[in-house]
Amino acid sequence: MTGPYSLQRRLSLLLTLLVLALWGIATLAGAVIVRHELDEVFDSALQELAQRLLPLAVETLYRDDPTDGPRHIAALAGHEEYLTYLVRDADGHILIRSHDADPSAFPGRPTPGFRSFRDVRLYTEAGVSGTVFVEVAEPLGHRREAAWEASLGLLAPILLLAPLSLLAVWGGVRRGLVPVTLLRRQIERRGDADLTPIAGLRLPSEIAPVAGAVNRLMARLDRALAAERSFAANSAHELRTPLAGALAQTQRLIAEAPEGPLRDRAVAVAASLNRLSHLSEKLLQLARAESGLFPPGPPTDLAPLVPMILDDLIRAAEGRLLIDPAAPLIATIDPDAFALLLRNLVENALKHSPRGTRVIVRVLAEAVHIRNQGPVVDFDRLRARFARGTTRASGSGLGLAIVDALAAATGAAVAFRSPAPGAVDGVEVVLTPPA
Amino acid sequence: MRILLVEDERSIGGAVRDQLNADGQAVDWAESLVAAGEFLAVTDYDLLLLDLVLPDGQGSDLLKRLRAVGSVLPVIILTARDRISDRIAGLNAGADDYLVKPFDLNELSARIAAVARRAAGKPNPETRLGAVTLDPAARRASRDGQPVTLTAREWALLDALLRRPGAILSKPQLEESLYAFGDEVESNAVEAHVSRLRKKLGHEIVETARGLGYRLGAGA
Numbered sequence: 001m002t003g004p005y006s007l008q009r010r011l012s013l014l015l016t017l018l019v020l021a022l023w024g025i026a027t028l029a030g031a032v033i034v035r036h037e038l039d040e041v042f043d044s045a046l047q048e049l050a051q052r053l054l055p056l057a058v059e060t061l062y063r064d065d066p067t068d069g070p071r072h073i074a075a076l077a078g079h080e081e082y083l084t085y086l087v088r089d090a091d092g093h094i095l096i097r098s099h100d101a102d103p104s105a106f107p108g109r110p111t112p113g114f115r116s117f118r119d120v121r122l123y124t125e126a127g128v129s130g131t132v133f134v135e136v137a138e139p140l141g142h143r144r145e146a147a148w149e150a151s152l153g154l155l156a157p158i159l160l161l162a163p164l165s166l167l168a169v170w171g172g173v174r175r176g177l178v179p180v181t182l183l184r185r186q187i188e189r190r191g192d193a194d195l196t197p198i199a200g201l202r203l204p205s206e207i208a209p210v211a212g213a214v215n216r217l218m219a220r221l222d223r224a225l226a227a228e229r230s231f232a233a234n235s236a237h238e239l240r241t242p243l244a245g246a247l248a249q250t251q252r253l254i255a256e257a258p259e260g261p262l263r264d265r266a267v268a269v270a271a272s273l274n275r276l277s278h279l280s281e282k283l284l285q286l287a288r289a290e291s292g293l294f295p296p297g298p299p300t301d302l303a304p305l306v307p308m309i310l311d312d313l314i315r316a317a318e319g320r321l322l323i324d325p326a327a328p329l330i331a332t333i334d335p336d337a338f339a340l341l342l343r344n345l346v347e348n349a350l351k352h353s354p355r356g357t358r359v360i361v362r363v364l365a366e367a368v369h370i371r372n373q374g375p376v377v378d379f380d381r382l383r384a385r386f387a388r389g390t391t392r393a394s395g396s397g398l399g400l401a402i403v404d405a406l407a408a409a410t411g412a413a414v415a416f417r418s419p420a421p422g423a424v425d426g427v428e429v430v431l432t433p434p435a
Numbered sequence: 001m002r003i004l005l006v007e008d009e010r011s012i013g014g015a016v017r018d019q020l021n022a023d024g025q026a027v028d029w030a031e032s033l034v035a036a037g038e039f040l041a042v043t044d045y046d047l048l049l050l051d052l053v054l055p056d057g058q059g060s061d062l063l064k065r066l067r068a069v070g071s072v073l074p075v076i077i078l079t080a081r082d083r084i085s086d087r088i089a090g091l092n093a094g095a096d097d098y099l100v101k102p103f104d105l106n107e108l109s110a111r112i113a114a115v116a117r118r119a120a121g122k123p124n125p126e127t128r129l130g131a132v133t134l135d136p137a138a139r140r141a142s143r144d145g146q147p148v149t150l151t152a153r154e155w156a157l158l159d160a161l162l163r164r165p166g167a168i169l170s171k172p173q174l175e176e177s178l179y180a181f182g183d184e185v186e187s188n189a190v191e192a193h194v195s196r197l198r199k200k201l202g203h204e205i206v207e208t209a210r211g212l213g214y215r216l217g218a219g220a
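Chains as they are written, first to last, in the UniProt record's numbering: chain V, 1 to 435; chain H, 1 to 220.
Some, not all, of what chain V presents toward chain H, calculated at C-beta under 10 Å:
id, residue
1, A236
2, Q249
3, L253
4, N274
5, E281
6, L284
7, R288
8, L305
9, A316
10, D334
11, P335
12, L340
What the hints contain is simulated information worked out from the structure, not anything from laboratory work. The model shown is predicted, which means the values in this text are computed figures rather than measured ones. Even glycine gets a Cβ: it sits at the ideal position worked out from N, Cα and C.
Here chain H stands alone, though its shape is the one from the complex (with noise of 0.2 Å):
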């Protein structure tokens, strides 16, 4: 997943962001409203964590602007405010999910692949495909019963499919999950993932569109 981060503490920024790398998220981090709008701007993501409390203006304000324009991006708000009317007020903003400084790392990969489950349309966090099994959310995997090993990059790679079934997903749209900007992207990275996924869970897992993407196996 493409994750944008608004967070003008550095010490949280950094742990949040590394935290996510670390479950193979793409993390680009807002340090204010103006360079979250600015990457808005010109990407899209899959999900927002967003601080309330920014140097230049309410984080809830931004999150007004998204709605007004018809965003559905998921949004999970990081807030040091803990009454339950700024959590009401969050959630009335259009915030999907609410977490309360200080939190858990884990907690917090947990209600991202919540609401990003939630946002597919998917509240069964499992997924079967043939013969293989998939929880994102509990990053387990299973074939013919058996549990597989993935990495942070195989299962990020593969969330992005997983979240939209059926669509071909070019390999740049691909490069855009994996990476944040600034991260250097392997080259032939996507392949390399596909080509693992594929010894790992079966050949028909990812299917390729000659030219065009991937996209995931409708015979899996």
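Next up, chain V with everything else stripped away, as it sits in the complex (with noise of 0.2 Å):
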């Protein structure tokens, strides 16, 4: 089988050949059972016009004068006959013929009973001890019309019936494979993100199963989901005490020790340990939004939320990052999902701005504006995971795979615009959250 095929189309044209072929079968049963019941009638007809012309034939052999030439039976009028029929003796020579009848059309030797001779019918009855024959002939043509009529009665019908009969076994098919269409639905309208099982149809055995098997499936795709979100979560966590104690320690270590050589090892070490802290932040907030599971929930405000999620970025920014978050954000993202997204947007407008120049992040038209003074940027070359811009800013390049994925993930549009609009240089973002 090549490309998918309608099991309804299938089903009913199936189905459809099927009554068709048994009505056929039931038509030609019919038909035979007709012609045999045909032939019996015109049969007896026959025997008994012989039988009562055999009195008749010797009555008028007897009273005349027998002579040599054949005698017809006077008739009545001029008309085509039906039935023929010829009188003879045993040798064969005409005594009486009707006057339609057509010698050729009977054998040689006249034979008691029933025969079929060329496209004719014949019986045959003797009288006067063997003498006489009294042999009657109908055109086997005329019965044959007589069964093909009848037989056409029989089919006349499921001719006319056939595509009623299309249409009704195509409405119950439809009909009996609702429930699969039901199921098909229900699996549709999950999404990505929602893994719950599949309740409330009232499906018939063959698809019960098929749902059952569905239903396990994502029950074992939402615990493997879950163990890589929670492993990404714990890790998280993991990674970042440790880290967090190294810093805090190495923190004191330059706080403590005297100028000179040991300050500044402990200088280079605190640097190497926040350059490491942000790598694995990136690292597992990229391995989080690649996961994709952030299932949208009801619409909410995200305004306030900005101020909170970019809490330490204004305090680090020293004023160079601006946020006007007036105007509401009502959208169904998973607030989680946005604040890795604003960040890694943020993070990055304020990486690649020069020092002294702003970044504002305004929330304007259910949509958050971020826009910095930075040089122009050619996005096509940035996008490109990994691949770092021409600027110095230290960074791990991953800010843009992660707004990718989580972009993806979670249905938000994030457009670069650079310059910015009603600018020389700089980059506007504009990230929408779906609503």
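Take the two lone chains, each set in its own frame, and fit them into one complex as the hints suggest.
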């Protein structure tokens, strides 16, 4: 089977063909029976006629003087005869004939009983101790026509009913397959994140195991994804705690060490630890983003979250980062996914803009607009994972990979424009979470 | 200030305690929820630093219990959980601030100062007392426009008085702000610090309520 095929079409066609075939067989059998019955009726008429004719013929023959030539029983009027007859003697000499009778249609010698000869049905009755034979002939075409007409009578309703039965079967199959359609819709409606079992459907015994198997599969998937998520969450915790300890101790070392090479070393260690913690955080964010499970929630106003999400960045940026979450931002996106998206975009905007310039984050028209005054950026080049821009800003280069994965997982739209609209340089990023 | 630190990770707890001590804060360090409960039962604290994942339960449960009995103790959560939903949950449970590990110790100091200021109902970090200007968050003091350098203990003492302006604080109360459990309290330390503060900032900065204790100078 190359492509998918319609079970409904297949079933309808098969059932219709089957019904029609059975109907055909029934018609054929009917025709055979009709033919047989017709033969009996016609034969019996033939026999009856011959037996009635025999005494008449004998009487006619013996009332008149027998002559040599054949005679006709006086015809009432000229008409087309369905039945013709001959009265002959044992040697085959014609004694009497009906006016339409064709002697060549009668075989050589008369023999009592039924015979079929060429296209003619014959019945011969013998009388006067086997010296006089009455032979009645009837062309078979006549009864064939009758049989054909009777069969046609059987066939006609089929031709009428075939399309009707096709429709009826189609409708029936369609109705019968409703649970399949319902099941399909339920599965389709799940989307990416909803792995709850299919329930509330009354499924026929043929389909129920499929739904059961789907449910089991989804449960397994759910467990696997939950394990992955909790791994990402736990490893974040497990990694951060010792890093935090090492960093805090190193910072104390810096504070307590006397000026000189020892403190310089401690500063270098702290810098390395900071880079390590930044990189591990980005890697964990990427793992979380790529696990792709951020089920949409009820519509919530995210605007109040914006300052909270950017809290530490605002502090670290020392006045470079301005936030204006004046308008509401109603969206159904998972708040954690939104926070990761926003943080990464703002971090990038800060990283790729020169000292002393400002990064402005505004909530406008159900979207977050992030604008900086950095250099014009070619985003096609930048978006390749791990590909760094031409700036010397430090960073893992994972930010945009995280943004891409999150946007794909949540249906958020992220548009980059450079230079920023109405400016000669800088970048404007518009993050539109799904409403 | 007297601060209770609840943190089970030794290297973090040690560094945080040292940092806060260097800032002149008195720090008690509990490594479990049970220990934290015991500390809270016997001492009044000015601030609580609370880790969320502890060997005997969730820090947020302690926070909820505190808030349920009406405690207004300022609380800063220190946690390795960085999700915004964790943060919202923490703040909803009654935390005043939330710091994600790994954090910068100076950032922690700044946050502690900010939370303490907010708790005292003084969002403006600068306080003017006559010719004296004090900014405990930035650790800046000046007299007649001239910067004055104060030690951590001197700041701690001043801070305790600043947070309860007008109130008389007894010597043991002030000692509590300066020393954690297990610290060896120097005899006459409070008197010594007060005397040095008066020398640096002017005699009227601290008033003596005879037989009762000290308060911030009303005329200052």
